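Novice: Using the sequences and the accompanying hints, generate a full structural model.
There are 2 protein chains.
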Amino acid sequence: MAGIGSRARAAARILANTPAAAKEAGLKAAAGAIRAEAGEILDANAQDVAAARASGMGASMLDRLTLTPERLEAAARGVEEIAELPDPVGKVTERWERPNGLVLERVRTPLGVVGVIYESRPNVTADAGGLCLKAGNAVILRGGSDSFYSSRAIHAAMVRGLTAAGLPADAIQLVPTRDRAAVGEMLAGLGGNVDVIVPRGGKSLVARVQSEARVPVFAHLEGLVHVYVDKGADLDKALTIVRNAKLRRTSICGAAETLLIDRAGAGTFLAPLVTMLLDAGCEVRGDADVQAVDPRVLPATEEDWRTEYLDAVIAAKVVDGLAAAIDHIETHGSHHTDAIITEDQAAADTFLAEVDSAIVVHNASTQFADGGEFGFGGEIGIATGRMHARGPVGAEQLTSFKYRVRGTGQIRP
Amino acid sequence: MAGIGSRARAAARILANTPAAAKEAGLKAAAGAIRAEAGEILDANAQDVAAARASGMGASMLDRLTLTPERLEAAARGVEEIAELPDPVGKVTERWERPNGLVLERVRTPLGVVGVIYESRPNVTADAGGLCLKAGNAVILRGGSDSFYSSRAIHAAMVRGLTAAGLPADAIQLVPTRDRAAVGEMLAGLGGNVDVIVPRGGKSLVARVQSEARVPVFAHLEGLVHVYVDKGADLDKALTIVRNAKLRRTSICGAAETLLIDRAGAGTFLAPLVTMLLDAGCEVRGDADVQAVDPRVLPATEEDWRTEYLDAVIAAKVVDGLAAAIDHIETHGSHHTDAIITEDQAAADTFLAEVDSAIVVHNASTQFADGGEFGFGGEIGIATGRMHARGPVGAEQLTSFKYRVRGTGQIRP
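Chains A and B, in that order, are what the protein sequence lines are.
For the first sequence, position 48 matches number 48 in full-length UniProt numbering, and the numbering has no gaps at all.
For the second sequence, position 374 matches number 374 in full-length UniProt numbering, and the numbering has no gaps at all.
Note that these hints are calculated values from the structure, not bench results.
It cannot be assumed that every hint is accurate.
Same chains, same label: a pair holds when it works inside one copy or across any pair of copies.
Stated by the list, open to error - Computed cross-link-like contacts, SDA-like style, restricted to lysine to any residue with a CA-CA straight-line distance of at most 20 Å: (1) 91 - 17; (2) 231 - 409; (3) 237 - 413; (4) 91 - 106; (5) 237 - 349; (6) 91 - 350; (7) 91 - 294; (8) 91 - 353; (9) 231 - 354; (10) 237 - 406; (11) 203 - 192; (12) 28 - 14; (13) 91 - 349; (14) 231 - 350; (15) 231 - 328; (16) 237 - 291.
All figures in this text were calculated on a predicted structure; none of them were measured in a lab.
Specialist: Okay, structure coming up:
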């Protein structure tokens, strides 16, 4: 493992000064190699799937683990799309001149070495590896032990592509062991050779990484997403947005988990929203006001205001106006994504200013919390920390910066 | 200590939504209170100085601890200057529209709660407290035990000013005990109530904070600053800049510690530079080439290439051109500030691109590594981490951001 860290650092130094065109060509070659070696990759995946099935893995986990020719083609195409993103490195984001004539520039640089720890989905190997490299970083991937052979085959193909295009083989490394101690070593930073860790997986993985890592972590533990329907809302918009925010996909971090309804608008909004959700097959757990609407509503407990269901279940509550809604969100939320539905611009502005979440939304679905939907061309995850990356983490968010100071002989008085 | 953390968090929520004018008025009132209570503050300081002298504190530490009417006036004036800086909070730094009509904005928000741990200089109380508050953050200050009474008096005055202007008393809190366990509790994050720690002090303090903190740290451990004199340099510029970079003030982190001279230009530059330094009273420790110039040059050991002297001492070496200089800096440096002196624009561009330091300088003194000199209107320190704040940490660098998404009913397909 120590060798992996120092090789990644050496590769990072090369990648930091690799021109955009060379990174683009390398990623396209890696995508081509995934296509060319699809047979070997699918064979390796069949081996993982057979072992997982024999060990009794459940159906949804098996589905995540399984590669098909279509899924592998999508992974290759994803790497090509990353290749075609604008290169974030070297971009001057600010430039100013001092009275003494010094010209200062703030310029984007790679972060260095990114460690990615993920679970069963083997296509993360292609996706995370590609995005980190696009931003000029070396990456150390630690895949799930269930997808060991699949990740190894995808990684081998990508490295053949990268090296054929002249990039260092150590640009994307895969931890070559299933030994769980390797994760601990990555979290400790491999002797200063890991600059940031990105966990990709369930809550228990993220919780472990956040509590043990000795280097910065880009992640969110949960998406306890709220939609607040203000008294100034438009009913049709509220119905459409709440339905989409909760039910379009219930398993993603941007899915709504709590519905807050303004008491002053409850006569208009409460019954239609609750009935719509129930009729659409969503379990509703409500306070006394919400329970009064329909006998199908179950009573909510204190626990429900803090639960990320990731399922067709929603907690619903009537609140005493905007301030109470913000207070509820600040007390119970996870600072991920929260939305207000209203036609009252002043109420929207207050909500957007005072809710302290990575993404705050007015009159749109919370399921837009996604790097692709933001126009970032992909993401390695969504972060809720307040340092550095926050919100969707795309190629640009995988960079750091430095200051360039250009003088003509200035000295400090 | 637990109460301090939760009170800071509550104050941070208020400060995050406090208008710029109110923060400016609060800081000006705090500065006014420092002036109004100068007598009490100087009395408290006299008590600290007497105790320190009795315990045998050395002259330079005593000087740092001592307040005079002039130094206190400078601290008050510093707080007023911070008050007058532009408010970084609420500034929209990016704005874009998606094909579906969603309008996204990236807007600056405060970081939250900043913990500042410092040593003997009591004026850090005013300076760090003011800068954090300007950026909408609550701050928890832990001063050195030597300056306990001085810091307490400055803090009490500032709080009287802030509250008179309507800001929360907990906006700036001072740990009310000399108990060293309090530092450990801050480094552990006070139950999630500290977002970032800023250590202000010597290397042992910074090293302890960096190794023990469970929250992000804005700091640099050392400034192992290099000046590389390229074969394309102008001799007069090289002499002026090297002298200023090393000797203007030797105790600051931007002071040069290692001089690298291009072998191809050694005939022109080596002897004049070494002689200038020696004649100016600087000890020079050199490799064999440098020793050959003057018998006063001492031999450099491997240790010298990694030593931050913070004194009138410099390590000097002849290197085989630009690539060797960059290699030396990347191997031995601390990624703080490094400079090239040359009239060759291509060499300068390569150096500025490839040296991976927070600040890279062409043809100017490294002693410009300073928030004031950058035009940031003050700094709480200089950071060499790659996450979030890097380089001088001013008010803007004490902020985070969030995304505001404005829709007209958009849902995700």
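Novice: Hint by hint, note whether the structure agrees.
Specialist: Each hint tested on the structure:
1. 91 - 17: within (13 Å within a copy, 32 Å between copies)
2. 231 - 409: between (63 Å within a copy, 16 Å between copies)
3. 237 - 413: Between copies only: 15 Å across chains, 62 Å inside a chain, cut-off 20 Å.
4. 91 - 106: Both. Shortest intra-copy (8 Å) and inter-copy (18 Å) distances satisfy the 20 Å Cα cut-off.
5. 237 - 349: within (18 Å within a copy, 54 Å between copies)
6. 91 - 350: between (34 Å within a copy, 15 Å between copies)
7. 91 - 294: neither (56 Å within a copy, 45 Å between copies)
8. 91 - 353: between (29 Å within a copy, 12 Å between copies)
9. 231 - 354: within (18 Å within a copy, 56 Å between copies)
10. 237 - 406: Classified as between; 14 Å across copies, 53 Å inside a copy.
11. 203 - 192: Between copies only: 18 Å across, 26 Å inside.
12. 28 - 14: within (19 Å within a copy, 50 Å between copies)
13. 91 - 349: Classified as between; 14 Å across copies, 32 Å inside a copy.
14. 231 - 350: Close inside one copy (14 Å), not across copies (59 Å); limit 20 Å.
15. 231 - 328: Close inside one copy (17 Å), not across copies (65 Å); limit 20 Å.
16. 237 - 291: neither (23 Å within a copy, 79 Å between copies)
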